Amino acid sequence: DAMVIQNPRYQVTQFGKPVTLSCSQTLNHNVMYWYQQKSSQAPKLLFHYYDKDFNNEADTPDNFQSRRPNTSFCFLDIRSPGLGDAAMYLCATSRGAGGYNEQFFGPGTRLTVL
Amino acid sequence: RKEVEQDPGPFNVPEGATVAFNCTYSNSASQSFFWYRQDCRKEPKLLMSVYSSGNEDGRFTAQLNRASQYISLLIRDSKLSDSATYLCVVNGNTGFQKLVFGTGTRLLVSP
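Chains as they are written, first to last, in the working numbering: chain A, 3 to 116; chain B, 12 to 122.
Excised from the complex, chain A in its bound form (with noise of 0.2 Å):
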């Protein structure tokens, strides 16, 4: 079945230690999302690549970061994590970047910062 995998799905990482997260998909979506959600809180979006463009979302902080080496994988390094950082990150996609292009999740990763 075509989908979203997001690894790992459980991640302990040292306050300050850089950790990275994987996301692959094999829909062959163009667009690739990485937003942050916080308990009893709405996903925020961090940034989406649009094919090989990165857009960032002007209020996520210089600490996160992407990357987008081909069309199927996504990554998302935090350079320094905070206590703060710690949350679930899901990855999504969508075929384009239209305004009816439905988005499709991957099933998170939660990251705990010690």
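Any given hint could be a false lead.
To be verified - For each label pair, taking beta carbons as the anchor points, the in silico distance ranges come out as:
#: 1; chain 1: B; residue 1: A28; chain 2: A; residue 2: N58; range: 42 to 48 Å
#: 2; chain 1: B; residue 1: K109; chain 2: A; residue 2: R11; range: 39 to 45 Å
#: 3; chain 1: B; residue 1: A40; chain 2: A; residue 2: N72; range: 30 to 36 Å
#: 4; chain 1: A; residue 1: R97; chain 2: B; residue 2: Q74; range: 24 to 30 Å
In case anyone wonders, no lab produced these hints; they're calculated from the structure.
Fair warning: this is a prediction, and the values are worked out from it, not measured in the lab.
Every residue, glycine too, gets a C-beta built ideally from N, C-alpha and C.
Given the structure of chain A, go ahead and fit chain B onto it with the hints provided.
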């Protein structure tokens, strides 16, 4: 005013009940609307897309009122498995599809 507003609930209903959730949005230029379902500690999953005045899929009916900037989700004959958080999601414009999420309405269906 938040871009997308929902009653957080929880809505506690017995099995078999009909329940309705409301959602209001602030951007009158929004053109597409979605309801996602999110189970505890899981990812959001697309439940329904609403592109015109409404959409129906089995026990689920979504209605859109553009004049009032209001979307509703009706669930008939509630099942225990319907217990989840329902996220109202609005697409902001016709360009890049930035989804604006509501904080969700929690539904608890009891036996």
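Worksheet item: Where does the structure disagree with the numbered hints, that is, which hint numbers, in rising order?
Response: 2
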